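Chain B: place on chain A using the hints.
Protein chains: 2
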Amino acid sequence: MAPSVMSDFSSSATARLLPFRYTVPIRAVQFQPSVSIPLTPLRSRSTLSRCCSSSAVAAVATNTDTFAKVIDGKLVSKQIKDEVAGEVASMKEAIGVVPGLAVILVGSRKDSQTYVRNKKKACEAVGIKSYEVNLPEDSTEEEVIKHILEFNNDPSVHGILVQLPLPRHMNEENILNAVNIEKDVDGFHPLNIGRLAMQGRDPLFVPCTPKGCMELLYRHGVEIKGKRAVVIGRSNIVGMPAALLLQKANATVSIVHSHTKNPEEVTRQADIVISAAGVANLVRGSWIKPGAVMIDVGINPVDDAESSRGYRLVGDVCYEEACTVASAITPVPGGVGPMTIAMLLSNTLESAKRIHNFK
Amino acid sequence: MAPSVMSDFSSSATARLLPFRYTVPIRAVQFQPSVSIPLTPLRSRSTLSRCCSSSAVAAVATNTDTFAKVIDGKLVSKQIKDEVAGEVASMKEAIGVVPGLAVILVGSRKDSQTYVRNKKKACEAVGIKSYEVNLPEDSTEEEVIKHILEFNNDPSVHGILVQLPLPRHMNEENILNAVNIEKDVDGFHPLNIGRLAMQGRDPLFVPCTPKGCMELLYRHGVEIKGKRAVVIGRSNIVGMPAALLLQKANATVSIVHSHTKNPEEVTRQADIVISAAGVANLVRGSWIKPGAVMIDVGINPVDDAESSRGYRLVGDVCYEEACTVASAITPVPGGVGPMTIAMLLSNTLESAKRIHNFK
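Protein sequence lines, in the order shown, are assigned to chains A and B. Residue 1 is where the first sequence starts when you use UniProt numbering, and the numbers rise one by one after that. Residue 1 is where the second sequence starts when you use UniProt numbering, and the numbers rise one by one after that.
So that you can see chain A by itself, here it is in the shape it has in the complex:
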């Protein structure tokens, strides 16, 4: 049985992407050979997730004419990190300010420790100063809030993250609400979400993973205005803000969720799909409109006896099937995943620039 490995969507959350209640039917792959799709070859075959039957996989492997363009999140995140590093250096030179990100970790979850370590390394790589507080599992809510308030008042800190999940005895909402909205680089504060939803208002920060999805679309020249978009999943940290961002970019947006009666039919109407359901291979080829752009946020472990770890990671979208129908797709891993930390660095820089009125 594969372990409960989840990606760090929230930049601070560990496992808050709730899976759908769907059971995914296994059926024959539906090829659509008559459809005209841009003929860019698959960048990396190693990302194939093998969601379909072996005969279907063989058929896909030979069907090289209809492979979707791969949206390379590693490459884009590298570009963004380079841009952030450049701006951090300019800011330091011009006004002597170094952006600072504080991370508060409570308890000793291995996955959370890994995420925090990765964030720290990413900060160092671009010249952002990182601050870290590690508190024992049995800390009180008040102790956590005390540290948040100290960071709120510390002028060298421009972004504050509380690594989630918190121990069960703590009230997450109380703790997150203590973060000064001007330093809420995760963008989860309801005030930020409200501004995201409203016409004529702008949030101080956009949540990192949905912002990363949009950045992938923008940097790949995908037109959003006037297109039909479907977001699968409606979590506070990915699905809902992703839908609001697509809506702000003038797409016609529908949200598919666990109560949607015909998710396949609704999804097939979309020119752009952002899937954040947390269900391995939920989105089959038959769900996809020919030529659609697929952004796959899911990072789901599935059993794999051939892997030394006993499992491998796959997305929400059945990759091989999608490749024959979609015009572009993000792989898992290497698609949306690397974008989250890149956007966190970008939000921290943005915060420092705003606080110091540096253009």
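No lab work stands behind these hints: they were computed from the structure. The structure presented is a predicted model; accordingly, all values stated were derived computationally and were not measured. Among these hints, one or two may not hold up.
Because identical chains share one entry, a pair is satisfied inside a single copy or across any pair of copies.
To be verified - In silico lysine-lysine, DSSO-like type, Cα no more than 30 Å apart, as pairs:
{"hint": "1", "residue 1": "78", "residue 2": "225"}
{"hint": "2", "residue 1": "110", "residue 2": "225"}
{"hint": "3", "residue 1": "248", "residue 2": "261"}
{"hint": "4", "residue 1": "225", "residue 2": "289"}
{"hint": "5", "residue 1": "78", "residue 2": "121"}
{"hint": "6", "residue 1": "225", "residue 2": "261"}
{"hint": "7", "residue 1": "92", "residue 2": "359"}
Chain B alone, transformed into the frame defined by chain A:
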């Protein structure tokens, strides 16, 4: 030419429902006689808006077998007002508290004066105490905010409304943000909208018109969970919060707006339509899925030489055409319109109950 008459959607706004850019094509009515629709007769013929050609109207008039059920907003708003009056009386008797609503009116717009007068009358009718401040057109932003702050601190006031639109020299956002969120009975604060958008969070107040739309659906036993819903228009005061409310009630929601390329096709997929576009007769019979429920928020003036005023009010939905396709529909006037003030009274009562912890 019909005057610029608009309904008071926001409970405080006068004319903020921006019209779409669509031009509505005039074409023959498409009857769908094979469709089975509940056979409830039209309650009031006087609400017919005559959006189609005279021959089509004649055809509709004889086609009584396929008339949609009329959702009577006057009746429902009367029920709600009676319920509010009952609770106001109980609260006064139990703890001696009378809910209070303060309205601030700046300038001397005739329509705004009418709305404020109507709110005052509605308050009196249910036993809510109303407070009113009238300021001259050339008041400063600071003067308006001074009055808001006084009401914020006045324990006898549980709801505060600033009648919109404000004079052009004032910053609406600054002024609205001064209203204590616990007394923001209009529910327009981004913090409220954010909570509306998020799973597991609840707003303190739901904006009055969208709340009225949902109440009409609930009280007419319309099942929302799992249904496809389309909201036409995405204003901060009606469209967007209506979409968020339908989403919270587990519908699969799509928003149609001015950049939607195929509004007719998208709308025809919906089991429930809330139209808040502000365009007379935008939604023709061909836009409507047989058996759909139509909630029409638009109140649009159209020229009418037969009327003594020279115009009449019609909705966004072509009423006669919709009646032959939909299973239920709100008339204009007498549908959503009367619900806005009823919801304002309900929000004011709710606020007083929360502040005084009265269940």
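Structure-based check of all given hints:
1. Taking the closest pair of Cα atoms, residue 78 and residue 225 come within 30 Å of each other only inside a single copy of the chain (27 Å); across copies the shortest separation is 43 Å, beyond that limit.
2. In the homo-oligomer, the alpha carbons of residue 110 and residue 225 never lie at most 30 Å apart, since the shortest distance is 42 Å inside one protomer and 39 Å across protomers.
3. Both within a single protomer and between protomers do residue 248 and residue 261 lie at most 30 Å apart by alpha-carbon distance, with minima of 26 Å and 16 Å respectively.
4. Proximity of residue 225 and residue 289 under a CA criterion of 30 Å is satisfied in both settings, with 18 Å inside one chain copy and 26 Å between copies.
5. In this assembly of identical chains, residue 78 and residue 121 lie within 30 Å of each other by CA distance solely inside one copy; the values are 14 Å within and 63 Å between copies.
6. Taking the closest pair of Cα atoms, residue 225 and residue 261 come within 30 Å of each other both inside a single copy (27 Å) and across two copies (10 Å).
7. For the homomeric pair residue 92 and residue 359, the shortest alpha-carbon distance inside one copy (13 Å) is at most 30 Å, but the shortest distance between copies (57 Å) is not.
Figure legend: structure checked against the earlier numbered hints; the only hint not met is number 2.
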